[in-house]
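Chemist: Protein sequence lines correspond, in order, to chains W and G. For the first sequence, our numbering assigns the number 1 to the initial residue and increments by one for each residue that follows. For the second sequence, our numbering assigns the number 1 to the initial residue and increments by one for each residue that follows.
Calculated directly from the structure, the hints in this document are not laboratory data. Just to be clear, a hint being listed does not mean it is correct.
Note that the list lumps identical chains together, so a pair holds whenever it fits in one copy or between two copies.
The calculated SDA-like cross-link candidates involving lysine to any residue, where the alpha carbons are at most 20 Å apart (straight line), are [as the list claims (entries may be wrong)]:
1) K205 to F137
2) K205 to R73
3) K205 to N164
4) K64 to E38
5) K64 to N52
6) K205 to P40
Remember, predicted model here, so these are calculated numbers, not experimental data.
Chain by chain, the residues:
2 protein chains.
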Amino acid sequence: MTYCVSMNLDAGLVFLSDSRTNAGVDHINTFRKMSIFERPGERVMVLMSSGNLAITQQVVSVLKEAMLAQDGRESLWSAPNMFEAARHVGEILREVYRRDSEAFRNFGIDFAAALILGGQIGQEQPRLFHIYAAGNFIEATPDTPYFQIGESKYGKPIIDRVVNRHTSLDEAAKLALISMDSTIRSNLSVGVPLDLAIIRTDELKVSTRLSIDSSNAYFQMIRSRWSASLRDAFDALPNPDWQDKGEIL
Amino acid sequence: MTYCVSMNLDAGLVFLSDSRTNAGVDHINTFRKMSIFERPGERVMVLMSSGNLAITQQVVSVLKEAMLAQDGRESLWSAPNMFEAARHVGEILREVYRRDSEAFRNFGIDFAAALILGGQIGQEQPRLFHIYAAGNFIEATPDTPYFQIGESKYGKPIIDRVVNRHTSLDEAAKLALISMDSTIRSNLSVGVPLDLAIIRTDELKVSTRLSIDSSNAYFQMIRSRWSASLRDAFDALPNPDWQDKGEIL
Numbered sequence: 001m002t003y004c005v006s007m008n009l010d011a012g013l014v015f016l017s018d019s020r021t022n023a024g025v026d027h028i029n030t031f032r033k034m035s036i037f038e039r040p041g042e043r044v045m046v047l048m049s050s051g052n053l054a055i056t057q058q059v060v061s062v063l064k065e066a067m068l069a070q071d072g073r074e075s076l077w078s079a080p081n082m083f084e085a086a087r088h089v090g091e092i093l094r095e096v097y098r099r100d101s102e103a104f105r106n107f108g109i110d111f112a113a114a115l116i117l118g119g120q121i122g123q124e125q126p127r128l129f130h131i132y133a134a135g136n137f138i139e140a141t142p143d144t145p146y147f148q149i150g151e152s153k154y155g156k157p158i159i160d161r162v163v164n165r166h167t168s169l170d171e172a173a174k175l176a177l178i179s180m181d182s183t184i185r186s187n188l189s190v191g192v193p194l195d196l197a198i199i200r201t202d203e204l205k206v207s208t209r210l211s212i213d214s215s216n217a218y219f220q221m222i223r224s225r226w227s228a229s230l231r232d233a234f235d236a237l238p239n240p241d242w243q244d245k246g247e248i249l
Numbered sequence: 001m002t003y004c005v006s007m008n009l010d011a012g013l014v015f016l017s018d019s020r021t022n023a024g025v026d027h028i029n030t031f032r033k034m035s036i037f038e039r040p041g042e043r044v045m046v047l048m049s050s051g052n053l054a055i056t057q058q059v060v061s062v063l064k065e066a067m068l069a070q071d072g073r074e075s076l077w078s079a080p081n082m083f084e085a086a087r088h089v090g091e092i093l094r095e096v097y098r099r100d101s102e103a104f105r106n107f108g109i110d111f112a113a114a115l116i117l118g119g120q121i122g123q124e125q126p127r128l129f130h131i132y133a134a135g136n137f138i139e140a141t142p143d144t145p146y147f148q149i150g151e152s153k154y155g156k157p158i159i160d161r162v163v164n165r166h167t168s169l170d171e172a173a174k175l176a177l178i179s180m181d182s183t184i185r186s187n188l189s190v191g192v193p194l195d196l197a198i199i200r201t202d203e204l205k206v207s208t209r210l211s212i213d214s215s216n217a218y219f220q221m222i223r224s225r226w227s228a229s230l231r232d233a234f235d236a237l238p239n240p241d242w243q244d245k246g247e248i249l
């Protein structure tokens with residue numbers, strides 16, 4: 001599996017992805033799930049993917065082919081805004097579906113893919129999209145400023161409790177790493193190294209880009225101190241004392 | 001969906017279940033998912049269920065029929081130990097499968113069911129089992145002293161960080177409620193009222209049994225203080241300062 005999370009905040013966008021892929025439990029590999037497309041000063045986009053790696057790698061390859069082609073075809077470089085960029089990625093996904101779905105059906109393989117695309121083009125505000133296997137997509141809003149793909153449930157509660165549009169980028173990076181830590185602890189199919197990218201609003205480039213493995217000092221600190229903090233918070237809450245409350249049925 | 005969690009500790013067993021059932025999002029009802037079978041001083045068992053309600057209600061009804069029958073047939077009252085009790089529940093599940101699976105297939109319905117059975121019979125130590133739809137089952141051990149069924153992922157990280165065999169029953173009840181709170185916050189298909197049952201080792205009866213709804217003072221305290229504690233723990237961790245660390249790629 002995979003776990004990727006992204007947040008769209010007033011201050012910009014934060015992206016975090018793991019890098020573990022598995023087919024069953026005995027075929028585990030490391031593949032990066034984050035791609036960055038950047039023309040500094042003009043546009044910047046980050047794409048993260050989960051699902052069938054053969055599908056998502058094709059999508060990225062076809063996207064890159066289109067960007068390299070000099071024949072005037074539509075590409076992420078020509079998209080006038082992020083909505084059109086998301087639509088373009090969805091179309092590429094549908095192209096892969098047309099090519100592969102029959103063979104997938106013959107082998108009983110699900111056409112499973114989910115993508116997160118976020119970025120900023122020119123004067124437009126940064127935008128964030130969740131693109132489904134069918135090529136349709138939804139956009140993050142102030143009410144729901146984040147998206148997750150892959151093994152999303154373990155790391156969701158802490159995000160639900162903390163994030164809002166005013167969260168700073170540093171806090172959001174911390175939050176994403178805590179959410180990732182909770183996921184990694186409870187699910188073997190998600191693992192380091194992690195890719196982190198931060199886009200500050202109106203910088204029109206990737207402001208921070210990191211590869212984080214288990215030796216990263218900040219992530220190590222998060223891992224040990226978050227665990228200890230949760231333990232302390234747990235211990236600090238009083239135990240129930242049902243007998244005194246007459247609540248026994 | 002459903003969320004049920006149970007822990008088998010040195011001090012005894014703790015069970016917690018929600019009570020929401022849904023077929024889609026527009027057919028939401030309240031059904032209790034916990035059944036208690038008790039002959040004080042001789043044996044005590046708690047059964048929790050998730051999955052297709054038509055299956056799990058049948059299982060409970062057939063179990064009760066067998067317990068009421070005076071014809072010497074096998075039942076939870078006659079099981080000589082918890083392993084045989086789990087095997088009996090698994091057999092009943094298979095009986096339901098034989099009766100219903102063809103009709104389910106005709107309508108494209110999954111035969112989805114998962115059960116947790118725990119308790120103590122006579123001199124034997126308390127034991128806890130997770131029974132699958134196929135009627136097979138696994139038992140909790142000191143390494144993995146807890147089981148979850150239903151929407152288990154949201155509430156798993158906090159349990160993984162806290163529980164071990166030496167956790168007290170009061171702490172375990174607190175932990176189960178925190179895990180439930182995280183699940184309820186992130187998943188609409190899980191909801192109050194909750195059923196909580198505690199069996200103290202060698203008491204051979206349900207020691208504590210509570211129905212907890214949103215007006216319960218202790219659960220209200222858990223909900224508000226745990227959220228605040230997480231927020232505080234989050235704020236207390238330093239933000240990343242990547243620039244200083246020269247970690248930008």
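Chemist: Which numbered conditions among the earlier hints are violated in the structure presented, ordered from lowest to highest?
Modeler: Those not satisfied are hints 1, 2 and 3.
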